[in-house]
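Asker: So the protein sequences, as listed, match chains A and B. Numbering follows the UniProt record's numbering, in which position 107 of the first sequence is assigned residue number 107; successive positions increment by one, without gaps. Numbering follows the UniProt record's numbering, in which position 14 of the second sequence is assigned residue number 14; successive positions increment by one, without gaps.
Everything labelled a hint here was simulated from the structure, so no lab data went into it. All C-beta atoms, glycine included, are put in the ideal place defined by N, C-alpha and C. Mixed in with the good hints there might be a few duds.
[What the hints assert, rightly or not] Incomplete in silico selection of chain A near chain B, CB under 8 Å:
| # | residue |
| --- | --- |
| 1 | L53 |
| 2 | K95 |
| 3 | E110 |
| 4 | L117 |
| 5 | Q188 |
| 6 | Q195 |
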Amino acid sequence: MSLAAEAFVSQIAAAEPWPENATLYQPLKEDQILLSDSASSLAVQTFLRMCGLPVLVSCRANAEYMSPSGKVPFIHVGNQVVSELGLIVQFTKAKGHSLSDWLDDVQRAEMKAYMELVNNMLLTAELYIQWCDDYTATEISRPRYSSPYSWPLNHILAYQKQWEVQRKMTAIGWSGKSLEQVYEDVSQCCQALSQRLGTQPYFFNKQPTELDALVFGHLFTILTTQLTNDELAEKVKSYTNLLSFCHRIEQAYFKEHDRESQSGSLHHSKGSLP
Amino acid sequence: MKNLLLCWGGDWDLPSVHTDSLIVLAYAKFSGAKLAVKSIDWTWRTITASVPQLHYEASTVTEPTQILNFLRKQRFNADYELTAKQGADTMAYIALLEEKLRPALLHTFWVDADNYANLTRPWFTSHSPFPLNFFVPGRQASLALSRILLTKAESPLLNITEVEGKIYSEAKECLNLLSHRLGNFHFFFGDTPTSLDAFVFGHIAPLIKAPLPSGQLQKHLNQLDNLCQFCNTILKNYFNASAEKRTDCSPTAIHDPVDANLQKLTQLVNKESNLIEKMDDNLRSSPQHRPNSTPPS
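With the sequences and hints as input, model every part of the structure.
Answerer: The following block contains the structure:
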């Protein structure tokens, strides 16, 4: 959105309170959704729960095409549609709910920096593993991505998506990396997160912020999704404070939905955390 | 055995005009690594080499992060005294720079028509041998454009002009965040520079020093005094550059005369308004207008 449009949307957003029928759209949970989209979706859901805002999760096969920016998940609130965690955080702030108002400038700078680290490293690594690693792409990503469609559309869409992601990887210089290097990057990122978290309950000690939601979304999804091998999950598991961080947030914000959502969650999920 | 670094040459008071090369050069100075620096200007390497490139014995390392890791393994470590948390912060801030600031930097130098035609292309053309000078700048420009579009332009923003607004506002926010984080300190982690300082320096130094015809980001950066000071301090202490001569950005040189002038003006205006008030009072208090009454001076 252009800057003027963003400001305009904020104005309109501020006018109405959060409705009861706000909906979050994501691709089909059982068959279609992939690791990276599932992580982003969980991050947004966690953020909204932390704010205490109710939202219904609706799974649609064409969620990606409904989204205003092409990325999932997106939320439909009142008569507005907002996608991506950054914009959703701004949108909820305009409605008067914010998790990070109490931070001072330096802390806010740190929070934004760490969110970029997660996006830059974890999300890019997830995309790389899904689409640039031939074995994973053939066994998991392409079949799942194209499952709602019939032949020949499923082939076309799957290859088109793969090609698009590979182009992006080339542009940012990740195409030359081997899978080992990507796992190493994930490990370094988790190490940085683990060191920042230390022994605190949340990244900024007393209360959760959108950074906690984002990190939880990604780590939890990595830990509970079955890929062709377990190496990614193993990298995350080696940091015990991150594991307990995920447990803590799961207990605090998802306990009543635990039974329902975990049993029917990702097709390849192993259920709740080990 | 010496390390040999290949990089783009320098100009505008900088050891190199290329961000990645600057990062490596700055880090080498901070950690005390001795590098033999060879610029690739006017050689055929402008088209074949991916700069910066470090040659050591038989091996070659590219990419700033890899080169820094390599130097650390050779025990040239500027991050030795950082705590674990500070090391994590370094990674996070570097990610912030890459995501938020680099697209705008690429745009300012390579995509903005004014800057590209008047500054970047002539510089790179004049620093490449014939006939490469026809290809090199164009190729860099198209790489920059494709990177911006692929990473920042999502479906409603298919046009580069719409993406511009977004990337510049993100870059300004990033600069503000860096300024907040730096505060009044000399370097990001206390009194000695570290790899984060090298990365920040590499990104903002070209932006401060290059004589850009149209530089809205440059103007924004010039308002952030502590970042300008940071850059000049590094240049002065580590590169022995003639940073004192170029006073475009040194805040004391510019702002003092401005402040002093502003103060004088304000005083004059205050005096004038006092005089006018007194005149007014006199005129009102006198029962008859005395046109010849002189105002008190």
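Asker: Which hint numbers does the structure go against, in order from smallest to largest?
Answerer: 1 and 2
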